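As you go down the protein sequences, you meet chains A and B in turn.
Heads up: the first sequence is residues 1 to 267, going by the working numbering.
Heads up: the second sequence is residues 1 to 276, going by the working numbering.
Treat the hints as calculated values from the structure; they're not laboratory data.
Among the hints, a few may not be true.
Claimed, not checked - Within a straight-line C-alpha distance of at most 20 Å, the following computed PhoX-like cross-link-like pairs (lysine-lysine) qualify:
(1) A:119 to B:139
(2) B:4 to A:249
(3) A:119 to A:31
(4) A:31 to B:162
As the list claims (entries may be wrong) - Examples of chain B residues toward chain A, derived with CB under 8 Å:
(5) 10
(6) 33
(7) 41
(8) 43
(9) 90
(10) 93
(11) 94
(12) 212
(13) 255
Predicted model, so just to flag it, every value in this text is computed and none were measured.
Idealized CB from N, CA, C, for every residue including glycine.
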Amino acid sequence: MTEQQLSAYRQSYPTHAGIAELSRGSIFRGKNLHEFIKNKTWFELNLFGITGRQFSSNEIKVLNYIWSSTSYADIRIWPNRVAAIAAAARTTPILAMVGGISTCDAELFVARPLVTCLKMLKAIGDKVDNGADYQDLIDEKLNKKQTIYGYGRPITSIDERVPHFVNFLNEQQHPVGANFKLAFKIEAYLKQKKNIRMNIAALYSAVCLDLGFNEVEMNLFVTTLVYAGMPPCYLDTLQKPPGAFLPTKCSDIGYTGPSKRAWNKQS
Amino acid sequence: MSNKHTIESAIWYEESSHNEFQPDACFCHGYDVANELIPNASWFDYLYLLISGNRPSESQSRLLEKLAVLLANPGIRDLSVQAAMNAGVGNAPEASVLVAALAGGSGQYLGAKEIAYCMSYFDKLELKPFCERVENSSKDSDIWPDLDHLPGFDEYSTQPSKFVSQCLVRLAAYSDGSCLKWLVQNRLQIEQYFGQPIALSTVIAAVFRDLALSGEQAQYLFLILRLPGAAAHAMEQKNLGWQKFPFFADTVKYEGESEPLELPDVDALIEGYVND
Chain A
1 MTEQQLSAYR QSYPTHAGIA ELSRGSIFRG KNLHEFIKNK TWFELNLFGI
51 TGRQFSSNEI KVLNYIWSST SYADIRIWPN RVAAIAAAAR TTPILAMVGG
101 ISTCDAELFV ARPLVTCLKM LKAIGDKVDN GADYQDLIDE KLNKKQTIYG
151 YGRPITSIDE RVPHFVNFLN EQQHPVGANF KLAFKIEAYL KQKKNIRMNI
201 AALYSAVCLD LGFNEVEMNL FVTTLVYAGM PPCYLDTLQK PPGAFLPTKC
251 SDIGYTGPSK RAWNKQS
Chain B
1 MSNKHTIESA IWYEESSHNE FQPDACFCHG YDVANELIPN ASWFDYLYLL
51 ISGNRPSESQ SRLLEKLAVL LANPGIRDLS VQAAMNAGVG NAPEASVLVA
101 ALAGGSGQYL GAKEIAYCMS YFDKLELKPF CERVENSSKD SDIWPDLDHL
151 PGFDEYSTQP SKFVSQCLVR LAAYSDGSCL KWLVQNRLQI EQYFGQPIAL
201 STVIAAVFRD LALSGEQAQY LFLILRLPGA AAHAMEQKNL GWQKFPFFAD
251 TVKYEGESEP LELPDVDALI EGYVND
C-alpha cells in the first residue's frame with residue numbers, strides 16, 4: 001500500500017456492509033432492512049450479517065440451539081461473574097455486559113476453543129479427503145503433544161450439552177454432516193487411546209463447519225454465545241447490597257509473597 | 001489458613017483487626033502501601049514492580065517514565081483515540097470511552113498485539129537474524145485476523161519518519177539496555193532491506209525489551225499508558241459536540257446491488273388516529 005492508496009480511501013470509502021440513508025431507510029448487506037426484518041428474527045438477521053447467507057428454518061433452529069445452550073444463568077461462571085461484579089459495583093448494564101462478553105475471547109472457553117477446534121477439524125477433514133487416515137493424524141498430534149481442541153473431558157465427565165444437542169439434532173432430523181461424523185470418530189479413537197471424551201466445542205464446531213462457517217464467521221457467531229445468561233446475573237446482584245457479591249475477607253487472601261519490607265532508596 | 005474462599009497471591013496482602021472487610025494496612029510485594037509506597041515510591045517504580053514483580057533500577061524507572069510520555073497521547077489520528085472520540089462525542093460514560101480506546105489499540109496493526117510481535121525481533125541483535133525474525137516470527141492465528149502487513153513497519157511510506165527517528169534516539173539515550181542502541185545503529189540497513197521505514201511500534205518494542213519485560217507485560221503497559229490521550233480527546237470532542245465531529249456523509253459509499261428504499265407515509269397511516 002502506498003500513501004496515494006491510503007489517500008484514495010480518505011477520498012471515497014467503498015463499503016459492502018450497508019448504508020443508512022437517514023430519513024429514508026437503511027441498506028443491510030443489500031437488503032432493505034425495514035422490509036427484510038418483517039419475516040426475520042434478530043437472530044436470523046445477525047446470521048445474515050455474519051455470513052451473508054440465509055439459512056433454512058431447520059438450520060436456524062439448530063444454530064439457535066447452539067447459541068442458546070450455553071446460556072447458563074449461574075453467577076459463578078466467569079463471564080457471568082464479571083457481569084455480576086459490575087452490578088455489585090453499581091455500574092451500567094451495558095458496561096457490565098461488555099465486560100462479561102470481553103472475557104469470551106478466552107483460551108478456556110468460547111472463542112479460542114471453538115475457533116481453534118473448527119480450524120483443526122477442517123484441516124483434518126481436508127487431509128482425510130486427500131487420502132489421509134484420521135487416526136494417523138490424531139496420533140501425529142498426540143506424539144507431538146499438541147492439543148486436540150474440543151476433546152478434553154475425562155471419561156467420567158460427560159459434557160451435558162453434547163447428549164442434549166445430539167438428541168435435539170435427531171429430533172429435528174438434521175442431516176448428519178461429514179464433520180459431525182468425523183468429530184465422533186475422533187472421540188471414539190481418543191476414548192479408546194486416552195480415555196478422554198469430546199466437549200461441546202468439538203460438536204458445535206463440527207455442526208457449524210457442516211453448515212459452511214469459516215473461522216471468522218464462527219468467531220463472530222459465538223461472540224454472544226453465553227450472553228443470555230448474563231442479564232439475570234446482573235439483575236440478581238443488583239438486588240443485593242452494594243459490594244455484597246461473594247465478598248472477600250482480608251483473611252481470604254492466601255499470601256505467598258515476600259515478607260514486610262521497607263522501600264529503601266536504591267544505592 | 002486456606003479456606004474455600006481463599007485467593008492465593010504473591011502480590012497483595014491485607015491486615016485487619018476489628019472488621020474483616022476493612023483493612024488496617026495493605027501491602028504490595030511486602031511494601032506498606034500507605035507508609036512505604038506513597039511517601040517513597042514513584043509511580044513508575046510502582047508500575048514496574050506491579051507488572052514485572054521486580055523493583056526497577058533507577059535507570060529502568062526513568063526509561064519507563066520517558067516511554068510513558070511518548071505513549072500518553074497517541075494523537076488524534078491514532079485508531080484507539082479515534083475509537084475513544086466516537087464514544088466520547090455521544091457522551092458515553094468514561095469507562096465506555098476507555099473500553100472503546102482499548103479495542104482500537106489492542107490489535108496487530110499499531111496496537112498492543114503488534115508490540116508483542118515486534119519484541120521477538122530483538123531475540124538476537126544481528127542484522128540477519130533480526131530480518132529473519134521480521135519475516136518468519138510466529139503469529140497467533142486463533143482469534144486474531146490473518147496478518148496482512150509487516151508488523152513494526154510503516155505500511156504507507158517508503159521514507160523514514162523524522163518523528164520515529166527522533167523518538168528512537170531520545171529514548172535510547174535513557175536506556176542501559178542494548179536493543180534501542182542496536183536499533184539506532186542498524187535502523188537504516190533494516191529499512192533498506194525491507195524497503196519500508198520502521199514504525200513507532202518497533203521502537204516501543206525495543207524499549208520494552210530494554211526494560212526486560214515479556215510480551216504479555218509489555219502489552220498491558222502499552223494499553224494502560226495510552227489511555228490518557230484517549231480520555232483527553234474524548235472529553236474535547238464531547239465538549240465540541242457531535243455536530244462538529246466528522247460523519248463522513250459523502251465519503252462512505254455503498255457498492256453493490258441493493259433493494260430500493262421506500263418510506264411509508266406516516267401522516268396517512270395515522271390520519272384516523274389524530275382527527276377523531
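So, going through the hints one by one against the coordinates:
1. A:119 to B:139: 16 Å, holds
2. B:4 to A:249: 12 Å, holds
3. A:119 to A:31: Cα-Cα ~31 Å, so violated.
4. A:31 to B:162: Roughly 47 Å between the alpha carbons, so the hint for residue 31 (chain A) and residue 162 (chain B) is violated.
5. 10: 4 Å, holds
6. 33: 10 Å, violated
7. 41: Interface hint status for residue 41 (chain B): holds (6 Å vs cutoff 8 Å).
8. 43: 13 Å, violated
9. 90: 12 Å, violated
10. 93: 6 Å, holds
11. 94: 10 Å, violated
12. 212: 16 Å, violated
13. 255: Status holds, d = 5 Å.
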